[in-house]
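A.B. asks: Taken in sequence, the protein lines are chains A and B. Sequential numbering of the first sequence, starting at 1, is according to the working numbering. Sequential numbering of the second sequence, starting at 1, is according to the working numbering.
Simulated from the structure, these hints should not be mistaken for lab results. Yeah, the Cβ is synthetic: ideal placement off N, Cα and C, and Gly gets one too. Among the hints, a few may not be true.
Anything over 10 Å on all C-beta distances counts as not near chain B; from chain A, calculated [as the list claims (entries may be wrong)]:
(1) A92
(2) D151
(3) A232
Computed beta-carbon distance windows for the label pairs [to be verified]:
(4) D308/B - E255/A: 47 to 57 Å
(5) E127/B - E56/A: 43 to 53 Å
(6) D154/A - E178/B: 52 to 62 Å
(7) R50/B - D143/A: 22 to 32 Å
(8) R50/B - D74/A: 32 to 42 Å
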Amino acid sequence: MNRLDAAVSAAQRPAAPLLLAALLPFAATLALTACRSDRAPERVIAQEVALTRQIEGLRQLVAAAERGSLVPSDRVVIAVEEELVRDVAQLALPREEVVGGRYRVRLEKVDVRFRDKWGSVRLDGRVGPAGPAEDGEGDVFADLTVFGLIDAVDVDPASGVLSARVTPIGFEVGKVGMYGESATGRRLLEAFGRTRLEDLASLTVPVRLPVRLEQQISLGGLSEGPVRLHPATVPLKLAVADVSAHGQRLWVSVEVTSGSWVEAAASPRDGGGR
Amino acid sequence: MALAVAAVAGLAGCSPKPSRPPVDLEALEDERDVLRERLAELRGRDERLRSVPEGAVLIGVPVATATDLLRQATSGFLGQVELVLGGLNVHKEGTVRHRTFLGTVSPGRYTVDVSVERVRAVLQPGEPRVDFEGDRIGLEVPVTLARGEGRATVRFKWDARGVSQAVCGDFEAAPAVEGRVRPETYRVKGGFELSIQDGRLVAVPRFRDLVVRLVVEPSEDSWQAVARIVEAQPLQCRTALKMIDLREILGDVLARGFRVRIPRSILKPIEVPAGLEQSLSVEGRDYVLGISPRGLTVDEGMLWYGADVRVAEGDHRGPADR
Numbered sequence: 001m002n003r004l005d006a007a008v009s010a011a012q013r014p015a016a017p018l019l020l021a022a023l024l025p026f027a028a029t030l031a032l033t034a035c036r037s038d039r040a041p042e043r044v045i046a047q048e049v050a051l052t053r054q055i056e057g058l059r060q061l062v063a064a065a066e067r068g069s070l071v072p073s074d075r076v077v078i079a080v081e082e083e084l085v086r087d088v089a090q091l092a093l094p095r096e097e098v099v100g101g102r103y104r105v106r107l108e109k110v111d112v113r114f115r116d117k118w119g120s121v122r123l124d125g126r127v128g129p130a131g132p133a134e135d136g137e138g139d140v141f142a143d144l145t146v147f148g149l150i151d152a153v154d155v156d157p158a159s160g161v162l163s164a165r166v167t168p169i170g171f172e173v174g175k176v177g178m179y180g181e182s183a184t185g186r187r188l189l190e191a192f193g194r195t196r197l198e199d200l201a202s203l204t205v206p207v208r209l210p211v212r213l214e215q216q217i218s219l220g221g222l223s224e225g226p227v228r229l230h231p232a233t234v235p236l237k238l239a240v241a242d243v244s245a246h247g248q249r250l251w252v253s254v255e256v257t258s259g260s261w262v263e264a265a266a267s268p269r270d271g272g273g274r
Numbered sequence: 001m002a003l004a005v006a007a008v009a010g011l012a013g014c015s016p017k018p019s020r021p022p023v024d025l026e027a028l029e030d031e032r033d034v035l036r037e038r039l040a041e042l043r044g045r046d047e048r049l050r051s052v053p054e055g056a057v058l059i060g061v062p063v064a065t066a067t068d069l070l071r072q073a074t075s076g077f078l079g080q081v082e083l084v085l086g087g088l089n090v091h092k093e094g095t096v097r098h099r100t101f102l103g104t105v106s107p108g109r110y111t112v113d114v115s116v117e118r119v120r121a122v123l124q125p126g127e128p129r130v131d132f133e134g135d136r137i138g139l140e141v142p143v144t145l146a147r148g149e150g151r152a153t154v155r156f157k158w159d160a161r162g163v164s165q166a167v168c169g170d171f172e173a174a175p176a177v178e179g180r181v182r183p184e185t186y187r188v189k190g191g192f193e194l195s196i197q198d199g200r201l202v203a204v205p206r207f208r209d210l211v212v213r214l215v216v217e218p219s220e221d222s223w224q225a226v227a228r229i230v231e232a233q234p235l236q237c238r239t240a241l242k243m244i245d246l247r248e249i250l251g252d253v254l255a256r257g258f259r260v261r262i263p264r265s266i267l268k269p270i271e272v273p274a275g276l277e278q279s280l281s282v283e284g285r286d287y288v289l290g291i292s293p294r295g296l297t298v299d300e301g302m303l304w305y306g307a308d309v310r311v312a313e314g315d316h317r318g319p320a321d322r
């Protein structure tokens with residue numbers, strides 16, 4: 001058994017249970033073209049789940065808009081255009097990862113869509129065997145698209161920068177490269193089709209939003225002269241309350257609660273607030 | 001021909017599944033499209049959305065939140081101010097004159113030198129009033145001199161003149177005087193101008209210098225110490241010194257107080273705690289971001305600022321390319 005066959009063989013494991021889907025703009029176009037007509041129901045299920053989730057999201061947005069506004073008036077709101085998020089996410093590409101110890105995945109392009117309530121991320125690249133080329137097997141590769149969902153935005157506790165968490169929700173293997181139509185290549189790709197989503201988690205790029213939230217207001221000290229200032233800080237508690245994608249923007253609502261001034265023991269310097 | 005294999009959320013290949021009722025995908029798509037149209041219509045009518053400025057990044061702060069932050073920051077600034085004076089000297093002198101049937105006599109001269117070793121007081125801000133007027137924020141806050149105390153040495157010198165020298169010669173006394181700083185309330189009026197600096201919304205303070213006067217009110221113990229200056233003298237001398245109201249003299253000197261100018265510069269610009277990053281670290285590499293402010297609006301109870309952000313061309317490369 002050569003290296004490629006070993007990879008394929010090792011991949012013949014029980015599939016993960018059917019879960020979510022929620023594909024949204026990108027995923028709604030998923031094509032399970034490998035399925036023959038007698039296996040069409042899987043495709044229907046995926047589209048049904050995607051559409052249902054889209055409808056659910058749209059209903060939430062419509063309800064919010066009918067209540068008054070899509071933008072809350074009692075929270076700090078940050079809205080970022082999808083083009084900028086795409087550009088920032090693209091900085092992390094190209095990116096290569098070995099998935100499941102058997103497949104080398106290279107992601108080269110990212111796109112994001114902020115519509116219908118959910119933030120969707122699409123990563124395009126290709127997949128092939130992880131090992132070195134043997135007998136031309138290194139030429140076996142296929143186009144790969146990983147679909148992800150921005151399901152949370154967090155404030156980095158160290159830097160205060162907003163970062164979005166992308167959870168993979170599906171993938172698609174498409175056009176196959178040279179020798180891909182060989183029996184080995186076909187088996188490799190079919191086996192990759194059974195890759196569990198958890199194995200793809202390492203493929204998702206970090207999506208950092210170029211917005212920083214201060215987690216305290218600081219007051220520098222002045223220790224000389226007739227007017228002096230005691231250094232002090234007031235902590236700000238920041239909590240992302242809601243994330244919503246619409247109008248080609250990702251809208252992040254942040255609840256800000258301030259504490260009380262606390263005198264700090266910092267070394268005296270010019271007074272200042274931030 | 002391309003081989004395509006797809007998996008969705010763990011959907012394992014194309015194995016047969018139990019039959020289920022067919023789903024009307026077209027109906028779902030129709031419902032989705034109707035909702036999209038409805039959402040587009042509602043977005044167009046959303047006053048709050050219409051008030052946002054242009055820009056790739058928008059940051060909106062509720063006016064109420066901004067008001068609270070400015071109120072708290074201003075109170076915090078002022079509440080941390082301590083006024084400390086020392087090494088101050090006040091001098092007063094005079095000649096005592098007394099009209100008698102023989103005419104006016106002058107039993108002597110006095111000199112009072114008050115050496116203030118230390119006066120301390122802290123400011124205690126009251127509840128600020130904040131008013132938004134476009135991109136300017138008016139603020140008025142009462143500030144009280146509080147929790148202050150002072151310590152001084154009062155050097156009293158009596159220089160006897162004429163016949164009184166016989167009964168009340170020259171003498172000096174230097175009792176220590178302690179007291180509290182008289183509480184007094186001032187009104188600080190001014191405001192903040194909003195501007196965008198380096199991608200961050202900054203409220204720049206516009207206030208005048210605040211001039212306060214520290215007046216030390218001696219404690220009862222201190223007054224008694226002053227009174228003992230006179231009481232310690234012989235009877236004839238006390239009679240002469242009764243022509244001087246030492247308490248009044250000292251009270252006058254201290255009542256003038258000491259002016260302290262609190263410069264406006266002590267209030268620093270206050271950053272709204274949400275702003276744009278100048279650079280971004282991705283996969284261990286730093287990228288410069290070009291930021292172009294697009295606008296600042298206050299409308300519909302929200303304070304918005306927007307900016308265009310672009311990744312600097314020269315740095316727009318992924319780590320695997322390097």
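A.B. asks: Does each hint fit the structure? Answer for all of them.
C.D. replies: Hints, verified against the model:
no.: 1; hint: A92; verdict: violated, 5 Å
no.: 2; hint: D151; verdict: holds, 13 Å
no.: 3; hint: A232; verdict: violated, 5 Å
no.: 4; hint: D308/B - E255/A: 47 to 57 Å; verdict: violated, 27 Å
no.: 5; hint: E127/B - E56/A: 43 to 53 Å; verdict: holds, 46 Å
no.: 6; hint: D154/A - E178/B: 52 to 62 Å; verdict: holds, 56 Å
no.: 7; hint: R50/B - D143/A: 22 to 32 Å; verdict: violated, 42 Å
no.: 8; hint: R50/B - D74/A: 32 to 42 Å; verdict: violated, 19 Å
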